[in-house]
Structures are given as structure tokens and as C-alpha cells.
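K.L.:
Got two chains here, each in a separate frame; can you build the complex from them with the hints?
In order, the protein sequence lines correspond to chains A and B. Heads up: the first sequence begins at 1 in the numbering used here, then just goes up one per residue. Heads up: the second sequence begins at 1001 in the numbering used here, then just goes up one per residue.
In case anyone wonders, no lab produced these hints; they're calculated from the structure. Only a predicted model underlies this, so the values are computations on that prediction, with no experimental measurement involved. One should not assume that every hint holds.
Claimed, not checked - Under the rule of at most 25 angstroms between Cα atoms (straight-line distance), these lysine-lysine pairs were calculated in the DSS-like manner:
| no. | chain 1 | residue 1 | chain 2 | residue 2 |
| --- | --- | --- | --- | --- |
| 1 | B | 1234 | B | 1175 |
| 2 | B | 1370 | A | 78 |
| 3 | A | 70 | B | 1371 |
| 4 | B | 1369 | A | 70 |
| 5 | A | 3 | B | 1371 |
| 6 | A | 3 | B | 1369 |
| 7 | B | 1063 | B | 1082 |
| 8 | A | 87 | B | 1298 |
| 9 | A | 11 | B | 1369 |
| 10 | A | 11 | B | 1224 |
| 11 | B | 1298 | A | 55 |
| 12 | B | 1224 | B | 1144 |
| 13 | B | 1490 | B | 1506 |
| 14 | B | 1185 | B | 1285 |
| 15 | A | 55 | B | 1395 |
| 16 | A | 55 | B | 1371 |
| 17 | B | 1359 | A | 78 |
| 18 | A | 87 | B | 1515 |
| 19 | B | 1395 | A | 3 |
| 20 | B | 1370 | A | 3 |
| 21 | A | 11 | B | 1370 |
| 22 | A | 3 | B | 1298 |
| 23 | A | 78 | B | 1371 |
| 24 | B | 1558 | B | 1541 |
| 25 | B | 1371 | A | 11 |
| 26 | B | 1369 | A | 87 |
| 27 | B | 1395 | B | 1371 |
| 28 | B | 1188 | B | 1032 |
| 29 | A | 78 | B | 1369 |
| 30 | B | 1515 | B | 1432 |
| 31 | B | 1490 | B | 1144 |
| 32 | B | 1004 | B | 1224 |
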Amino acid sequence: MSKVNPDFVEKISGFTEFNAYACINCGSCTALCPMGIDLLPRRMFRHVMLGFEDKVLENTEEVFSCLLCKMCEENCPKEVPIVENIKSIRWYINRDIFKLGRG
Amino acid sequence: MSDKRRIGVYVCHCGGNISDYVDVEQVRDAVKDDQDVIISKNVMFACSDATQQEIIEDIEREKLDGLVVASCSPTLHLQTFKAVAQRANLNPYQYTQVNLREQCSWTHRNNMESATEKGIKLVRAGIARTRLTEPLTNIRIETKPRTLVIGAGVAGLRAALALADLGLAVFVVEKESEVGGWTKKWGKMFPNNRLGNDTIEYLLEQVKQRENITLFTDAELIEKGGNVGDFSIKIRVKEGETVSLDVGAIIVATGFDSYEPFDGEYGYGLNGVVTLPQFKEMVDKSNGSLNFNDHQVKNIAYIYCVGSRQPEDGEIENPNLYCSRYCCSAAVHTASCVADIDPNINQYHLYRDMRTYGKYEVMFENAGKKKSLFIRFDDESSPEVEVSNGALIVKVNDALDGGEEIEIGADLIVLVTGMVPRENESLTNVLKIPIGLDGFYNEIHPKLRPVETVVDGVFISGTSQGPKTLAESVTSSLSAVSKSAALLMKGYVDLEPFIAEVDTDKCVWCGECEKSCPYGAIEKVVCDTKEVATIIPALCKGGGVCIPDCPEDAIEIKGYTDQQIRSMIDALAKEVA
Ligand SMILES: Cc1cc2nc3c(=O)[nH]c(=O)nc-3n(C[C@H](O)[C@H](O)[C@H](O)COP(=O)(O)OP(=O)(O)OC[C@H]3O[C@@H](n4cnc5c(N)ncnc54)[C@H](O)[C@@H]3O)c2cc1C
Ligand code: SF4
Ligand code: SF4
Ligand code: SF4
Ligand code: SF4
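The following block holds chain B by itself, in its conformation from the complex (with noise of 0.2 angstroms):
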């Protein structure tokens, strides 16, 4: 690299976004006689095609060798202008974006010149950064045409035909001996009533007719190595045998638990109260009447949301915040079933809030037209069950007509409880994956990326991620199918070129850094009959950790080097004159 660069920094108005806050013009002068920069412009979208291509056009013309964009959030559009710099055959890696609009106008609204004058250091640090730039080039692996379905309910098992049908090998590992997870158990389900076991059937004969599918039942991931496109992955399947294989992608779809009230809560223990789970099992298997200890069943009391949306006032430990969003939908639907079997039970709903949401909200109608009762009780006061004469009595404030106390006589209780995480700690442990507050797996954007997690190439789908309906399930599984696909039948990926890179003049293999690398991308070389570290480019994650333990600061991670780190601390610090 020589010693002079030629930089062009282009600092974007964003159409006010950014220069009603900063003074963009001063900016721009402030920065146009730094050393090495050749060209320092305003622009009033830096995004636009026009603008775009006036930049290419500069880089050609004045054979720039950085580029220093002054605009939005790297999130935004570090990419577009990435591809501006290679359509101008600039190598992409010596392109600096500086973030002027949500770190620095968004920001500082109501002080120009201060926000001004940390623009102007903020573009000088981009400046330095981009002075020490060199080419790099993507690390480029290619990909293996196969996934690992983990989690045969509904939605592992829809995604593995997904995936056999866009022409992908699929590898179905269930670690119960009998595919189906919790669809499999239930009847009718709601919206169309479609028996549970009937869909899972169904979906087991499809994937039975598919050659590429192979399911393994009774079975574990047991280790994941390698990297996005390429994983070598462990099974152990029955007999305590394992398999290894190599796959491009992961699908996790491991599902959900059911919340398990504790001894007392709303009388749970107590002959008569029970969970929807198993009163939708009683429901499922009732034929002509429904009947419990041997009686006829004549009033239903069912307690929502329990288990979910519990209050935060210190009384349950880690509480569950959310909303189950299934159960309200379930229950009214089960609570339909039974009036289809004697329509002379009684039903009350004990709810918060009623949400059956989107088109459910007809089934909630439903319920209402076959009689069931709904009552509404306030956060501060939930129901009480009791045991009074030998009967169970719950005993409710009705919101609905002025918070009158009522109490009900119930031949069963029945507690709508929500979905919990499945306990997983082996295979988070094995995959890596982060758990959300709420204790799912966690997608890295709910919007922007969903069923995406950190890990590349490993996706979370069904009810693994969250509380879902059944066809939520699927819609979330044939989503990371997508992904997976779109990984996979490019036949590689590119991976960022950010990784660790040792001094092999300065390291004297000690062995610290192989210690301290969390993926394994540290192993031992001899270089000119010197032993030395070196780094396995497909691992290496480029996170650093094996910098600071490393006593002769031999290694760097390109395109973030100390060098570089420094200059930049330096720009920032220097007073704008």
C-alpha cells in the first residue's frame, strides 16, 4: 500500500434529515484539505441511483482509492454503498461508512454547533480508518446441499417436505420415538376443525414418499461443528449408535411445553381443576356425553391466561410477560366442542382480555351463540377456587358489572394455561444459540429478519421461537425453508473477510490464543522451522478474543486493526479547529 490514499467523502443532506440538525456544508470544509482526501462533496441523497452513480463516476475519474460516506446507519445502507465501490472496481473492504444521522443528528436536535462539530470528528475518524484500509476479499465456502430438520411436530415435519421438494436432502432428527409433538394428541382443532392427528399422519405418509427425507426418530444432536453452509453435525440415534454428517443449514422447530400450574395455583392439585391440555384430551376422547370421576359433567369454569401475563410485582419468580396467544383461540374453540357434545353444560369463561384475534375472532362468537358465558375479571383481582361442601366453587369479581363478586359452582375447573420454553439445554448448548428474555430461541429482528438467529446458517421456527397456532407454526417453518433454500442453492455463501490474522514474526507460540478462541480457529503451524499460530479462516468468527490474551500482540483482525482502531481515537480526539 502506498503512503498516499485518495479518499473521496461525500456528506449526505438526507434531505434534512441530517443538515437541519448538522451544518453539512461546514462539515465538508472542514474536511476537504485532511490529508489524502481528494474529493469532499454534499450530496442530498447519498442513496439515490443519481448520486450513486456520480460517485462511481468520481472514483473513475480521479482513481479514488477510499470512499467515506457521511450518511445513515450502516444497518441502512452499508451494503448499497459496498456495491457502489465494487461497481466502480474499488475493493469494497475500503469503504468507510460514517453514521452522521442517527448517531449525530437524530441525536444532538437542538444544538447545531456541537452536533456539527462531532460530525465533522466523526468523518475525520471514518478519514483515518479508511487511510489504513486494504483490499480484502470474502471468504467464499461452499455450501452443502443438505439441512438438519431438529423436531419432527408440525412445523419440523412441513418444513422437511418443503425443503425435499426444492430438490434439498433432509435430515429429520426427533428425540421422541413417535413423530407428531403436540398436534399429534389433539382432535379437533380450530379454525376447521381438522383432527390434530389427522394433519400429522398426513404429513408423516408425505414425507415417508420422499426419497431424499431421512427421519430419525429417538435421536439427538449431539455436536455441531464447522460454519455456515458446511456444519458437520453428530446424531446419536437409537441404540447409542451416532452418524455424522455435513449439512449447509439448520432448522430447529423443537416446539414448545405446556405451563405447568404450581401445587395451589387457582386450586391446581385439587380433584376438578385441571389444564386445557388435559381437558381438551377429555373433551377429544368424550363420545355422546362428558364425564369426569363418573358423573355427568354439568358446569365448566375455565381460568384464563394462566401462566401467561403474570404481573411483575416480585410475587412469581421470572414471570411469564407475554401472552400466550393460542389459548383464548383454543379454549373458546374447545369450549364450542362441548356444546357440540351436550349442549346443556354450562360454560364460564373466566378472561382478562379476549384475544382471539384476526379471523378467531368468529369463534369467540361462536361460543357466545352456544351459550358459553364470558366474564371478565380485572388484573388486580383474580379468581379464587375453593372446595366448599365437598363441590368446587370459583369465586370471581365481575368487571362487567361493576366488579360484583360472584361464585360459581364447577364440576371442573379448567386452567387455560399458555406455552412455555421446552427445556433444551443440551442442544442450545450444542447449537449456540441465544435465548430471549422470555426464555425462546431468539429470531435477531422480529420484523426485519425473523427465524434468522445469530448463528449463520442456523434457523429457529415454530413454536421453539414463541407461543404460535398451529398454522402460525407452519407459516414460521416454511419461512426458515426459505432462508435455508436461499442459502443453499446458490451452492455457496460469502462470508466477511473480518477475521484474525497472525504475526508470524512476532508470535513465539505460547499457546495462549488456541486457549482462548471459543470456536477452534487457532491451531499450530510450523512456519520456517518456527512453530507459530495460525488461523483457520472457515472458523474463525473474527470476535477477537484472542487478541488480548495473545503477550506479543501478534494478532490483528483485518479490516479492524489497532493501527486503524487507534488512528480513528485519534481523529476523534483531535480538537476541530
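The shape of chain A in the complex, shown without the other chains (with noise of 0.2 angstroms):
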């Protein structure tokens, strides 16, 4: 049972505004991942967008495995801006969990 957090995702909104409402859940983006990467985007952002901060954290490592390379992004049907979105996961895990940067 995961509780949803609506006030999760303004945390990662710290860098730019995470933004995956346009998302259908198409799942174009998984498919297409070089990485083969499961979980992202397509549910490690409805993770974000619902609050589920310990799932996101689970999946740290997939956040950083991802290679920025944009195949998901070029290839989204609703032009969810991906790429941003990880990154901004990747900022707030750095800021909150791993405590780095500058404060």
C-alpha cells in the first residue's frame, strides 16, 4: 500500500519544474530505452507525480543509470520534456539524500 503525496513532487521541483502531466502512459519511452531500463520514465514519473518518495528512492540506481540520451524524449507522443524530469530527480536526490552541493 503506497500513500499518495501530492506534495512530494514540489520537492523535486526545485531545479526546473517536473512536468509529466501531458504522460498517457504509452509506454513508447520504456520500450525504446537503450538501457532497458524498467521503471523509467514512464513509472518512475507517475512514482513522482503520486508522492511515493520511498519508491523513488529504491530505484536510485535507475535514476542515475540513465544515459541522458534522449531516445524516450525524441520519440514521446506528448513531448514530455524527459530528460528534465530525470535530471531533476537526479538534483533532489543529490540535494536531499545525498547531501551535496552547496545547500
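P.N.:
If you want it as C-alpha cells, here you go:
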């Protein structure tokens, strides 16, 4: 059971505004990813929007294994800024979890 | 009628549709020497222009007085060949269509021998019937250039305007004290955000400007007599008075009702669980912020398909199996309106399928852009609404995340309720129009004869026929208008002459038939000092319920006499040599 937390997405939006609301869950991104990352971007983004912080953190490795190659983004039918979103998630993990950066 | 008849028989190939499975040459030869058959021919396409012309020439040259075309279903081409007969000056009721395609070749594709044998019998039955035909004339009824519209929602009001502008007088009967139906309640409506109330005000204003529209509010239709083109109706108007009118056509626009969830259905009854109409009224009335119970609303969960697309697993009695069409669109549109009021409200849409069809897709996208989140659930795992620590929560398995069980805390839970048929038993009884399996009024055929009912001259429109958006309701009401106008502006209707006829020699006026006729089409008259039954042609529908009730066997239906039916049975039963 995961509790929806609408405030979580705010935490992610410090770098640029996290925005995957146009996503229609078509799954093209997941299918095309050369790294074969199962969660990214579709389900990961869903977890962010629904506020499942633990699920995002459980998959930190996936977040960082992304090549930022934009294969997904180029082919997203809804023009979701996928790579910017991934960067936002990284930014949040670096700052809040790894406590990196200059505060 | 002379005993000898001159009958032409045409057995159609239907370009292979028939001849691939039935040996049409054998059929032709089998009947060519039958009694009274003058011509027996094969044709490639009986309905083609050239063949129609050929048949006409044959009728004229051979002085045929009976015609049999063995081809497709009469639904398709009965009128075609009746017209052929007419053009050759042969009475169209001396024509018989034999259905050799739908009822023979298409149904027996694997056994040509038997199919051919059946084909021969069917054609013989057609010939037998034709041998006993008599020339009949249609019953012509002069139509009244006036229409009754029942219900003054958007469908009824729009119909009234269109009829009036075609020059027909209109009477509108609305049972409430105000016109407008559901639309009058709504603020912004999709797709263009025009206020529902404005639409109704506009239509009412237009109605008032037309002298040939009479509007009765607080009124009800209580009686209907007569027939297509000439109905006599009685309306109960205010203060218990009644008004009697003659109209040529009737348009039913009595609308829908909103599904009322049962107690406990998705938490219905709990504080904060509302239906879509209730929610829409809250949103329409909200000013600057959306409040509930004096608190600003932060989180809203929508549960879709409530009361629609219900499962047939036996848990719900008479489940509504249909999709209510309007509700996905209305819900995402309302969510957009909510985001415009307060963009910080979180909105979660728990849906089964998103049916924002056609152009309404854009509204779904817009709702997403305004941060609505869409969570799909499978039919087998409906969301559950609970109260936890005094707050509403809804639990659902997110099908788009591998069925992960999630829990949403919500200030408001909106049940996206569907459309259901309106309770209208007394009207249905007065009009005698049929109700479909889903409880809405039934049109004859959704594609070929929409808005028409089996009661000639009575049309159905708008949501009285089934779930529709406003635009669709108006489209269907205008379709009913064109059907009514086509009927009334010609000035007359021709009814088929297949009505009952009393043999006054046999009749002893016992009155049994009068009792059995549901249309009141039988009355007593004195004929040569003898009391007998007589049929009122305009009222008789040719249903024939009086026939078995007559102890003297004195009634027959013209065109379907006992003798004809018996001769057909004999022909069908006879062995094919
Ligand atoms: C919550 C909600 C939101 C909606 N939002 C939209 C939207 O944004 N856009 C859109 O296109 N559509 C919307 N719709 C659908 C729209 O409301 C309907 O399509 C429209 O109201 C149908 O009009 P109607 O005339 O067929 O029926 P109704 O509006 O039901 O009108 C029927 C009329 O007939 C009268 N009547 C009934 N029985 C009798 C009788 N026996 N004798 C005399 N009078 C009778 C009734 O009193 C009523 O006035 C919405 C519907 C709902 C429930
Ligand atoms: S390709 Fe785009 S729309 Fe499709 S699932 Fe991925 S992010 Fe969503
Ligand atoms: S940008 Fe990242 S998630 Fe997208 S295809 Fe490339 S590696 Fe996969
Ligand atoms: S329109 Fe949408 S909410 Fe309404 S019944 Fe159909 S699928 Fe369900
Ligand atoms: S039931 Fe037959 S006999 Fe009796 S009144 Fe009618 S037609 Fe005449």
C-alpha cells in the first residue's frame, strides 16, 4: 500500500518544474530505452507525481543509470520533457539524500 | 377475380449471392409449368435498371396480373418491385417477394441440393399467394400540419424552433413549471464553455418570438388517439384543466435521469461523497475558491463509470450495461474548470477507460496539462471508499503501475454517475412506444431508421432515447424534426391496406372482436337490418388479434387471407418432384 502524497512533487521541482502531466502512459519511452531501464521514465514519473518517495529512492540506481540520450524524449508522443525530469529527480536525490551541493 | 391468373416469376442470381448456393436454373424450370405461371425467368440482378425495365415490358406485353420476384429480403427491395409493378400498371399488392437470399442461399451454403429444393418450395408458396391476390388501394390520410413536442429540455426546445421555422404549428408540453431540463442547471458546459443556463434562456427567448409555438408548462399528455398524420390528443394543463388538440406527429424529448447511487456504493451517503451533478453545481456556484463544509478543498478523487457499464455477475439487479457517453467528457471538463478556479487543487481520476471520444480528446489532454492525474483500474478491482481517522480515503489498484495498491486522501469524492432512463410510465402507456433492453425509448434501427418508433408518426429524440451530450441531443432532435416535417409537409400519408375486413354474412355481432381490438378499431353497425361488426380503416393496424377471437370465423386481414396462408403452406409442404 502506497499513500499518495501530493506535496512530494514540489520537492522535486527545485531544479526545473517537474512536468510529466501530459504523459498518457503509452510506454514508448520504456520500450525504446537502450539501457532497458524498466521503471524509467514512465513508472518513475508516476511515482513522483503520486508522491511515492520511497519507491523513487528504492530505484536511485536506475535514476542514475540513465544516459540522458533522449531516445525516449525524441519519441514521446506527448512531448514530455523526460530528460529534464530525470535531471530534476537526480537533483533532488543529490541534494536531499546524498546531501551534496552547496545547500 | 377470374380463376385464371397470369403470373410472371423472376428468379434472381444476385450476382452469385444466390446462384452460388441455389441452382437458380433448376428453380426456374421447376415452377415454369405451375398453374397460372406465364413467364419464369432467371435474372442476374433483379433490382438493376435494365431488369426492372424488362419486367415492366413483360407485364405489359403478356398482360400479367401477378408478379413474383425471388431475390433478397423484402426489407431491402419490396418497395423497389412494388414500384416496378406500379409503373407497369399492375396493382402493387399483386406482387409477392420471395426471400431466396437471406432465408435460403445465405443460410444453406453447404448443401446446394437441399437449398435448391427449399428454394423451389419458397417460390411455389409465393406463386400460390400471388394467385389469390386482389388489387388493393392504400388508405390515404390527410395530415394535420401540427406537431406535439413532449419535454422542453434542450432537445424539445430546439425541435420546437426548427418545426416552427418550417411553418408547422408546435405545441410543447413540459411537466415542470420551468423549461430547460438538466441543461438549465449547468454553468460552463463542454465543448465551448457556454453556460447551460444561457443556452436555455436563448432558446426560450426564441420560442417566445414565434407565434406558431404554444408552450404549456406544468402540463402532461394524458390521452392519445387517432393515427399517424392525425392524432387526437388530450393535455392536462395547469389548474386541472384539459386541452384537446389534433396533431400530425409527436416528438418525444423527455430526457434522462441521473443515476442515483445506492447507499454505501463507493461510500455514497458519507459526508464528502457526491455525484457528478451535485459536484458540478458546487463548481458552477463556486466563487474564487472551492469550499466544502466551510473548508477549502485540496484533494479531489473522481470515480468513473458509477451506474454505467455495470457487471453482469448477478450482484446488481438489472445492471446498466451501457456506457453513458457524456460522463468521461463532463468529468474531465469539470476538472479543468476546477483547476481554473484553484490550480493548487490535486485531482485524481480513477477510471476504467477514458472515453473522451472524437474532439473531446482535447479536453482530456487539457485536464492532464492542468495536473489532473489519471489512474486506471481494472474492472475486477473497483476502488474502495473508507473513512479513516475522520477523513475520506479511497483505495485503488493502479493498473498503470502493475496493480500497485494506492491510497488517496480526499476532501471530496466525486462519483461520475451515468445517465439512466427517466421514470415515465404513464406517458409510455399513453404513447405505447417500446422501451429497449436498457430502459430508454427504442428507435427502430440505430443506423437505418433512427428516431423513428414502431408507432408511425411518433418520434423519439435527445436523451429519452439513450445517453447523449447536449450537441448529440440536439442533432437527434433535429433529425426527429426532419422526419416529422417530411411526413406533414406532404399533406397526406398512405397507409398499407393490410387491415381487417368483416364478412357481414357470417358475422352475428357477438362483440368478441370489439373487445379484443387494442386500437378500438371495431364498432357495431346495422347492415341490411342486421347488426354486424365493422372496421374503422384509419385505426386498424392489421394486427389480427380479433381474428382468432371471432367464433364465426368472419374476419380476415386483406392481403393475408386465411386462404392465401393455407395455399402457401400447401405449396411449402408439397414434395418437390
Ligand atoms: C452532470 C452533467 C453534466 C453535463 N455536462 C454536459 C456538458 O458539459 N456538455 C454537454 O454537451 N452535455 C452535458 N451534459 C448532458 C446534457 O445535460 C444532456 O445532453 C441534455 O440535458 C439532454 O437534453 P434533453 O432535452 O434530451 O433532456 P432533459 O434535459 O432531461 O430534458 C427533458 C425535459 O423533458 C421534461 N419531461 C420529462 N418527462 C416528461 C413528461 N412525461 N411530460 C412532459 N415533460 C416531460 C423534463 O421535465 C425536462 O424538462 C451533462 C449532463 C450531466 C448529468
Ligand atoms: S513516451 Fe511519453 S507519453 Fe509515453 S509513457 Fe513515456 S513519457 Fe509517457
Ligand atoms: S534518456 Fe535515459 S531513460 Fe531515456 S532512453 Fe535514454 S537512457 Fe533511457
Ligand atoms: S463515458 Fe466514461 S465514465 Fe461514462 S460510462 Fe462511459 S467510460 Fe464510464
Ligand atoms: S367476433 Fe366475428 S361474429 Fe362476432 S362481431 Fe366480430 S366479426 Fe362478427
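K.L.:
Against this structure, judge whether each hint is valid.
P.N.:
Here's how the hints hold up against the structure:
| no. | hint | in the structure |
| --- | --- | --- |
| 1 | 1234/B - 1175/B | holds (14 angstroms) |
| 2 | 1370/B - 78/A | holds (14 angstroms) |
| 3 | 70/A - 1371/B | holds (24 angstroms) |
| 4 | 1369/B - 70/A | holds (22 angstroms) |
| 5 | 3/A - 1371/B | holds (18 angstroms) |
| 6 | 3/A - 1369/B | holds (23 angstroms) |
| 7 | 1063/B - 1082/B | holds (17 angstroms) |
| 8 | 87/A - 1298/B | violated (28 angstroms) |
| 9 | 11/A - 1369/B | holds (19 angstroms) |
| 10 | 11/A - 1224/B | violated (69 angstroms) |
| 11 | 1298/B - 55/A | holds (24 angstroms) |
| 12 | 1224/B - 1144/B | holds (15 angstroms) |
| 13 | 1490/B - 1506/B | violated (40 angstroms) |
| 14 | 1185/B - 1285/B | holds (11 angstroms) |
| 15 | 55/A - 1395/B | holds (18 angstroms) |
| 16 | 55/A - 1371/B | holds (21 angstroms) |
| 17 | 1359/B - 78/A | holds (17 angstroms) |
| 18 | 87/A - 1515/B | violated (85 angstroms) |
| 19 | 1395/B - 3/A | holds (9 angstroms) |
| 20 | 1370/B - 3/A | holds (22 angstroms) |
| 21 | 11/A - 1370/B | holds (19 angstroms) |
| 22 | 3/A - 1298/B | holds (16 angstroms) |
| 23 | 78/A - 1371/B | holds (14 angstroms) |
| 24 | 1558/B - 1541/B | holds (11 angstroms) |
| 25 | 1371/B - 11/A | holds (16 angstroms) |
| 26 | 1369/B - 87/A | holds (20 angstroms) |
| 27 | 1395/B - 1371/B | holds (20 angstroms) |
| 28 | 1188/B - 1032/B | violated (71 angstroms) |
| 29 | 78/A - 1369/B | holds (10 angstroms) |
| 30 | 1515/B - 1432/B | holds (18 angstroms) |
| 31 | 1490/B - 1144/B | holds (10 angstroms) |
| 32 | 1004/B - 1224/B | violated (46 angstroms) |
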